[in-house]
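Using the sequences provided together with the hints, build the complete structure.
First residue of the sequence shown: 4, per my numbering; consecutive thereafter.
By construction, these hints were calculated from the structure, which means they are not laboratory data.
Warning: the hint list may mix true and false statements.
Stated by the list, open to error - Below, a list of computed lysine to any residue pairs in the SDA-like style, where the Cα atoms sit at most 20 Å apart: (1) Lys78 - Leu22; (2) Lys75 - Ala63; (3) Lys75 - Gly50; (4) Lys68 - Gly53; (5) Lys90 - Ser69; (6) Lys78 - Asp39; (7) Lys75 - Asp93; (8) Lys68 - Asn54; (9) Lys75 - Lys32; (10) Lys32 - Tyr47; (11) Lys68 - Gly50.
Stated by the list, open to error - With beta-carbon atoms standing in for the labels, derived distance ranges: (12) Asp39 - Leu9: 16 to 22 Å; (13) Gly19 - Glu91: 50 to 56 Å; (14) His70 - Gly19: 35 to 41 Å.
Since the model is a prediction, treat every value here as computed from it, not as a measurement.
Every residue gets a Cβ at the ideal spot worked out from N, C-alpha and C, and that includes glycine.
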Amino acid sequence: MLKAFLLMVILGAVIGLFLGIAGNKLAVKEDTRVADLLAMLPGYNCGGCGNPGCSGMAEALVSGKSHIEDCKPCKPDQRTKIKEYMKEHDLAA
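What follows is the structure, given as structure tokens:
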């Protein structure tokens, strides 16, 4: 009985160690650029830019399929802030 208990404890420790190392090595880093740009956009979700709302515009900005000038309700100071962010993160302005 003691032998089986010790075997299970050792096996659990080995598997736990393996899962801990694998979790660190295989971790996926989240790209926050879309969320950051979405927070900078006006948030009207009007679709005036040709994208399905501000989230679509943020995704298009990150992928380079759209320009910030396409956003009609965006104020000049917001545009400047977004352009600076895009230059800082090597996105096409």
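Has the given pair, Lys75 with Ala63, been kept, meaning a C-alpha gap of at most 20 Å? Since the Cα atoms of Lys75 and Ala63 sit roughly 15 Å apart, the hinted pair holds (cutoff 20 Å).
Are the Cα positions of Lys78 and Asp39 separated by 20 Å at most? Judged against 20 Å, a Cα distance of about 17 Å means the pair holds.
Restraint status (C-alpha distance of Lys68 to Asn54 at most 20 Å): With a Cα-Cα distance of about 10 Å, the restraint between Lys68 and Asn54 holds, given a limit of 20 Å.
Agreement of Lys78 and Leu22 with the hint, judged by alpha carbon distance not exceeding 20 Å: 49 Å, violated
At the C-beta level, are Asp39 and Leu9 separated by a distance inside 16 to 22 Å? Between Asp39 and Leu9, where Cβ atoms are some 51 Å apart, the hint is violated.
Would you mind confirming whether the straight-line C-alpha gap from Lys90 to Ser69 stays at or under 20 Å? 15 Å, holds
Lys75 paired with Asp93 [C-alpha distance capped at 20 Å]: Distance ~23 Å between Lys75 and Asp93 Cα, so the pair is violated.
Holds or violated: are the alpha carbons of Lys68 and Gly53 at most 20 Å from each other? With a Cα-Cα distance of about 11 Å, the restraint between Lys68 and Gly53 holds, given a limit of 20 Å.
Proposed proximity, Gly50 with Lys75 (alpha carbon, max 20 Å): 9 Å, holds
Mind checking the hinted window 35 to 41 Å against the Cβ distance between His70 and Gly19? 50 Å, violated
For Lys68 and Gly50, compute the direct alpha-carbon distance and say whether it is at most 20 Å. Between Lys68 and Gly50 the Cα gap is close to 15 Å, so the pair holds against 20 Å.
Does the Cβ-Cβ separation between Gly19 and Glu91 fall within 50 to 56 Å? 40 Å, violated
Of the numbered hints given earlier, the model fails hints 1, 7, 9, 10, 12, 13 and 14; all others are met.
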